[in-house]
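Peer 1: Whenever a hint applies, use it, and build me the whole structure from the sequences.
Protein sequences, first through last, are from chains W and A. Counted from 1, the first sequence has number 140 at position 140 by the numbering used here; the numbering is strictly sequential. Every position in the second sequence, counted from 1, becomes a number in the numbering used here once 338 is added.
To be clear, the hints were calculated from the coordinates, so they are not data collected in a lab. Being a predicted model, the structure only gives us computed values, none of them experimental. A couple of the hints might just be wrong.
[Stated by the list, open to error] Stretch-level coverage of chain A by chain W, calculated; a stretch enters the list once three of its residues show a Cβ under 8 Å from a Cβ in chain W: (1) 492–503; (2) 519–529; (3) 545–555; (4) 640–652.
For glycine and all other residues, C-beta sits at the position ideal for the given N, C-alpha and C.
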Amino acid sequence: MRELTVKDAINEALMQVMEADPSVIMMGEDIAGGAGRDDQGGLDAWGGPFGVTQGLVTRFGRERIRDTTIAEAGFFGAAVGAAMTGLRPIVELMYVDFVGVCYDQLLNQAAKMRYMFGGKQKVPMVVRTVVGAGFRAAAEHSQALYPLYTHVPGLKTVAPTTPADAKGLLISAIQDDDPVIFFEHKRLYMTKGDVPENPTPIPLGKASIPRSGKDITVVAVQRMVNFSLEAARLLDIEGIQAEVIDPRTYSPLDEDTILESVAKTGYLIIVDESYPRCGLAADISSIVAEKGFDYLKGAIRKVTPPHTPVPFSPPMEDFYLPSPQKIADAVRGLLGAR
Amino acid sequence: MTETMLAQMYRTMFTMRTFDERIHQLAADDAIPGYAHTYFGSEAVATGVMAALEPSDWIASTYRNHGHAIAKGVSLNAMAAEVYGRRTGVCKGKGGSMHISDFDKGMLGAIGIVAAGIPLAVGAALTAKFKGLPWVAVPFFGDGAVHQGVFHEGAGIAKLWNLPVVLVCENNGYAEATATDYHLNTKTIADMACAYNMPARRADGMDVVTVYEIAKEAVDFARCGGGPILLEFLSYRFSGQYEGDKQIYQPAAEIEEARKRDPIKVFEENASTRGLSEERLAGIRQEVKVVVEAAFTYAESAPWPSPEETLDDVYVSYL
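Peer 2: The following block contains the structure:
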């Protein structure tokens with residue numbers, strides 16, 4: 001085992017899967033960069049805006065690592081068509097916020113091809129996309145739009161927090177026969193952790209429990225897992241043992257792990273970076289209220305951003321995001337009411 | 339072109355006409371659930387284009403798919419059963435008239451969103467090029483679709499990557515209830531290919547032989563590595579946008595004029611010079627009527643899906 005960043009873990013997963021399966025191709029905007037200008041030595045100039053796909057084009061060539069035009073609807077649709085006919089395309093949506101220009105190809109095409117036409121089609125494609133606030137990138141490059149995809153039957157949604165999860169879940173996503181949206185958090189790319197060298201898939205639909213505790217269950221979404229672990233350390237000093245659950249995939253969702261934890265602790269807080277209305281926190285809250293009501297000793301609490309777009313200015317963006325302090329406060333508030 | 343081929347084309351066109359006449363009646367009688375869109379007037383387009391394709395070639399269809407499906411060889415029984423929402427329908431009752439599509443027959447889908455099938459075909463063409471397979475991919479779309487972003491994005495990507503795509507526009511004169519001569523900025527749809535440095539042909543879509551010849555040339559061009567090509571076929575929509583549309587925006591004189599170019603009539607008028615006797619055509623018509631009638635009889639007594647089948651086929655696997 002060695003330490004890798006999330007970014008490098010994703011790169012390694014892509015390298016290993018593409019090495020093993022020649023039907024995997026990638027399409028996206030400047031996932032290589034410098035396309036068509038060999039004379040300027042620009043090949044692999046970017047490796048994507050965050051450098052995640054660096055080195056892939058030099059290893060696999062331009063037939064498999066395809067820089068596209070800035071035409072997300074066009075190449076997303078092409079990915080759906082290619083997936084149905086025998087390839088395993090991975091497409092990159094540079095920022096999750098850009099989904100507005102190509103949503104039909106996910107909502108009505110990728111997600112419906114199998115169901116609507118009698119179960120003959122398979123759409124084994126992966127959309128890799130970047131989410132999250134904290135980059136001072138304002139309202140159109142900072143959103144955490146997990147619910148827009150999780151809401152849609154026919155799509156699967158995956159959001160890793162740790163480097164090992166990023167690698168293992170991406171391998172599973174690419175090997176999966178259904179369309180999978182794979183969220184990468186821009187503020188997690190440089191976080192480090194142990195990652196196995198072998199390409200070991202982690203099954204979709206299985207939560208992890210990065211911290212066990214008996215007093216309260218904290219279900220957290222992607223970067224919010226790390227905030228919640230930090231909050232749990234603060235609370236530990238005060239004698240509160242918080243259990244932190246990372247669902248890792250939102251569709252399918254590992255309801256059992258969440259419900260078992262709530263059965264043990266009796267209290268639930270959900271920490272989400274997406275908007276509060278019709279968001280993941282609201283969804284998980286409703287599931288627990290419906291299926292685990294008798295376990296609950298208090299109200300379910302959500303820690304989410306306010307129902308506003310993501311602001312630019314640092315004091316406003318910091319106010320907007322949940323934080324370890326806000327999570328710890330919510331726990332204290334809930335348990336203090338015991 | 340052989341007589342057998344011509345006879346087959348007539349059979350295909352007449353099957354489309356007969357099938358949709360049944361649909362028209364059933365919709366008027368409120369005997370089938372949901373929306374239905376008939377193909378009256380464009381029969382020569384699907385028939386001529388499909389005659390130029392190999393069975394392994396892909397098409398992407400639309401909500402106005404009955405003609406495409408028939409020409410691609412989809413079972414009439416399964417089509418009729420789908421219209422009725424029966425379990426033995428081609429989509430197991432999940433699609434209905436708007437989504438008749440059989441993947442096993444080379445249909446990527448019958449898409450209800452205008453123009454959205456175009457990039458799907460581009461993707462199938464990418465698979466063909468990437469794997470070195472001899473497939474051509476043909477998205478069908480109407481004149482209204484050329485204003486959609488995915489028409490332009492699909493055309494752009496297909497040209498950039500030199501993919502075997504034959505873009506087939508059925509210019510039937512109307513985008514829903516809006517006339518083509520109102521909505522088009524360019525003089526023709528074929529003109530739009532200029533922006534993509536793509537060849538284009540514009541031709542009479544009412545004569546199946548013309549359609550076939552143009553399509554054959556285009557399909558050969560795309561298959562041999564020439565890249566994408568845009569075909570604009572001029573047809574007419576005798577029906578409304580959907581069954582039940584009162585067509586008050588279509589002048590009666592215009593419909594009357596277009597009826598003179600009815601593709602089936604055009605074929606029949608030219609049949610004898612092409613070596614097909616009226617007796618032969620009459621025989622085909624009789625056979626078609628029997629087969630279509632049998633399909634609807636089959637469909638009427640086909641089993642309903644159980645309500646629980648709602649839950650099937652959302653995913654290949656889920657948890």
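Peer 1: Does each hint hold? Answer for all of them.
Peer 2: We went through each hint and held it up to the structure:
1. 492–503: holds (count 5)
2. 519–529: Check failed, 0 qualifying residues.
3. 545–555: violated (count 0)
4. 640–652: Answer holds; 3 residues pass the 8 Å Cβ test.
Checked against the numbered hints given earlier, the structure breaks hints 2, 3 and satisfies all the rest.
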